[in-house]
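Since the structure of chain A is provided, determine the placement of chain B on it from the hints.
This is what each chain is made of:
There are 2 protein chains.
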Amino acid sequence: MQESPVPRASLASGEDRQNLDLKLKQVAIDTHLENVVYLNRDCLIYRIEGFQALSKVEVVSGEGRITATLNVVDDPYIVGRDEIGLSEDAFRRFGVAAGAMACVRHAEKPASIGALFRKINGERLGRDDYHAIVKDISTGHYSKIELTAFLIATNNGELDRDEIYYLTDAMVASGRRLQWSEHMVVDKHCIGGIPGNRTSMLVVPIVAAHGLLCPKTSSRAITSPAGTADTMEVLANVNLDQEKLAAIVREHRACLAWGGTADLSPADDVMISVERPLSLDSTTQMIASILSKKIAAGSTHLILDIPIGPSAKVKSVPDAQRLRKLFEYVASRMSLKLEVVITDGRQPIGNGIGPMLEARDVMRVLENDARAPQDLRHKALHLAGRMIEFDPDVRGGDGYAIARDILESGRALEKMHAIINAQGAKPFDHNNFTLGRLSHEVVAARDGMVIGIDNLQIAQVARLAGAPKVANAGVDIRRKLGDRVKQGDSLYTIYAEYPSDLIFAMQQCEKGSGYLIGDETQVSHSYLEF
Amino acid sequence: MQESPVPRASLASGEDRQNLDLKLKQVAIDTHLENVVYLNRDCLIYRIEGFQALSKVEVVSGEGRITATLNVVDDPYIVGRDEIGLSEDAFRRFGVAAGAMACVRHAEKPASIGALFRKINGERLGRDDYHAIVKDISTGHYSKIELTAFLIATNNGELDRDEIYYLTDAMVASGRRLQWSEHMVVDKHCIGGIPGNRTSMLVVPIVAAHGLLCPKTSSRAITSPAGTADTMEVLANVNLDQEKLAAIVREHRACLAWGGTADLSPADDVMISVERPLSLDSTTQMIASILSKKIAAGSTHLILDIPIGPSAKVKSVPDAQRLRKLFEYVASRMSLKLEVVITDGRQPIGNGIGPMLEARDVMRVLENDARAPQDLRHKALHLAGRMIEFDPDVRGGDGYAIARDILESGRALEKMHAIINAQGAKPFDHNNFTLGRLSHEVVAARDGMVIGIDNLQIAQVARLAGAPKVANAGVDIRRKLGDRVKQGDSLYTIYAEYPSDLIFAMQQCEKGSGYLIGDETQVSHSYLEF
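Chains A and B supply the protein sequences, listed in that same order.
Going letter by letter, the first sequence gives residues 1 to 530 in the numbering used here.
Going letter by letter, the second sequence gives residues 1 to 530 in the numbering used here.
These are calculated hints, taken from the structure and not from any lab test.
It does not matter which identical chain is used: a pair holds within one copy or between any two.
Calculated lysine-lysine pairs in the DSSO-like style (CA-CA distance at most 27 Å, straight line):
1) Lys-480 to Lys-315
2) Lys-511 to Lys-109
3) Lys-135 to Lys-511
4) Lys-511 to Lys-315
5) Lys-315 to Lys-109
Isolated chain A, as found in the complex:
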């Protein structure tokens, strides 16, 4: 048996390492949120470290440090033996100049991995565990696999209310927290799932015109055909840096911006990068995501819209009440004043579904245009009224009338224009939105009354038609619940910009239009506030 020599004296001197430094370059490959590092198979460190394709490695250069997934390259044009390549976004995030010397090593497991495994095994975690996990997530130390494991292990029903609070609190702590130096900062949010439901773009100008401070940041669509940020983007720039946003809010009492640039609850954005491809919709994540974003944005008072309906996220009043309680508990632990409004989610709100079509509806309501969808107008006034009643000078029950006056007087429209111009107006003419160049009518197969509209099916058709990525694609609804139709009447129009999109959407409609036509007696009546 041969005995091996003792370690060489040079081991601790770092000499070994220095010879293994590589010259940094950017590889012209876009791998989006996933950091990829490219090493030549013949490069010395690749062989010494026993790396393997898809290993998680850490690249270090001076102060720069980034975790990435390894791809091994067999073409010296892409990266040579003495080079280390980073994918485009990773190179930008790394922030070190091309040509600098960098070294690479096995990435250590994130510090919170033990806590993650305790959660996977069904344990209850404490405040420190959630802070450690969320910190690792927001700083990019979790791989996609680890991130997915966390999201599934904390899915519906796996967390108790205190754990949801810890998670929310940790998400707030993971990023910036805005201070508005005012006693009351109002906001509204809908849990989503209802196509067309673009009330924020009405509520915000109304309440700001009343004088409330409402610095609204919204997300882009995850699984829906349009988010508020996507829709507002048709009218104005929504990518505002924090200074610009603050200046706009100071001057106009409001904004309608995308929340992604403000570093608010950044862990949430990372988690969405997995929730999106998985189409995951978890109650836990919903509560933590919504409340952390609002609190980080500095909100003190929040109106939360929970729609109920057979194809809404929440199907029944008991489910809505359970969800309300959870939201209220976490909000109260976070010292956020929360008012939950349970609304009618049996069908889409408004007519247009897709960023441009929804922007059109919003502008029609603000302009008091006769073609404005009345359900959208009514719902927005109701929510704005409840929000105005946060104002201690307004008597309970007076909010709706105040909101209506602001809308009808044109003050809401004026405020909206001020916000649009401050954020940077897009060159559009709202009398002539250019919708997708291709269209298709979906018609009633029989005479009768519209007794059901499937939100999910309508949303899916709009997405296949191209929304939200193609802003002028989507669905324009012609008939609502309770409307009478004759065979061949248009139920809705699909708009698309690209042939293949239209074909996908039409194929989906062939499986089912999303409309149920029946008799007058079969229309379900709403038992809700509105």
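Positioned in the frame of chain A, the structure of chain B alone reads:
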């Protein structure tokens, strides 16, 4: 409001599509198990389809079809505007010649995604659901994210015993199933977690020498410092195609091969690609993985070793009994005769930990060398004896003596050499295994008796030293439970081939040697069979 034109008549003709075909090329980037497709950002279809980096797409050319993740390229050298690139393994899997025309489109969600979501939401799934999911997994239709979601949602305790049976059955059905045309095909398996525990390489030659048919296929290490396949590979080729393996088994009644090449339960291999980076160890997956591999390999009789100890996978007798019951239930539904043996897992078995060190121990036992570790020898004889008792001609209780006779007579060594030569012997001299060129002694900090050895810590040190990737790295144990030591006595030696590996392993030892030194009265006595 401008109305859009109706769709062009050419839409359904496929004309649009044909113009979008791209020329296939291999991109010299190794992305291992992850299929990656490279499209130039200026390529027409990229813009038309609204793809985005990391989209899941399907590439089609003639009969060829593959699902891949999209990377977007900004360098026409890597892929041009009229080209479509595939990463190295993906190109090979696609099986279409470079230069062929291919088209690309959005990948459809796997058919079983609905079932996956029902499981995520805590529902019990049926037989058809598991077959659909496992089929999608084994054919590469699940992304890493979807795969992780499935593994976490079916983790410990989430599946009842019938669901584990359905999963196992589906995994068997996902691949090839070997037929040996004999009444009895025996095998053994350990659930793992005990470093050094290399009994298979002893049991297989012993029982084959007795005449039993034992076509053993093993896995490589997932989270341990060595698997049977890694260790056997020190001595012989283990990558055998099915024909070669069958021929060896026909001639020698046994083999010791890697299971990965035989297309047995291929879904299991895909799942391991996520379990490995996550270090996930789920009871559900363990049962389904072990039993599906054994049944697909044609086994009719199985000895299953469940070690118990404070740092073993199973900590207590009640836990072991629960696990035994689950294994027995699923095995009986699958018509596999299963014998569970609960063993002492308080410390590593044998001395060497790491492929070469373990191969050395195995050969010493087979050669009846005085330096052979007695615990490994005794355990292997016990397991072999139980397996020999599957033979209806052997009386219960006689197996151990038969096994010992076979070992002591040299017939086991002779059988092992026959297997090694048949599989393809590696050029090694077992009297002079060349261990890692660097070594470090970990010594006792005080006088006393060894009263505890942490399996996990020892395994971790061996892995950091380079095992199993560096075959001659690992840990050689000098003291076992109950041994007396003086301060400064060696507890174990670390072997490494590369300086950085040795440093990592030494740093780990500084956190804790893995040994507990105490008084004679504190040694826990084993209450187990052996």
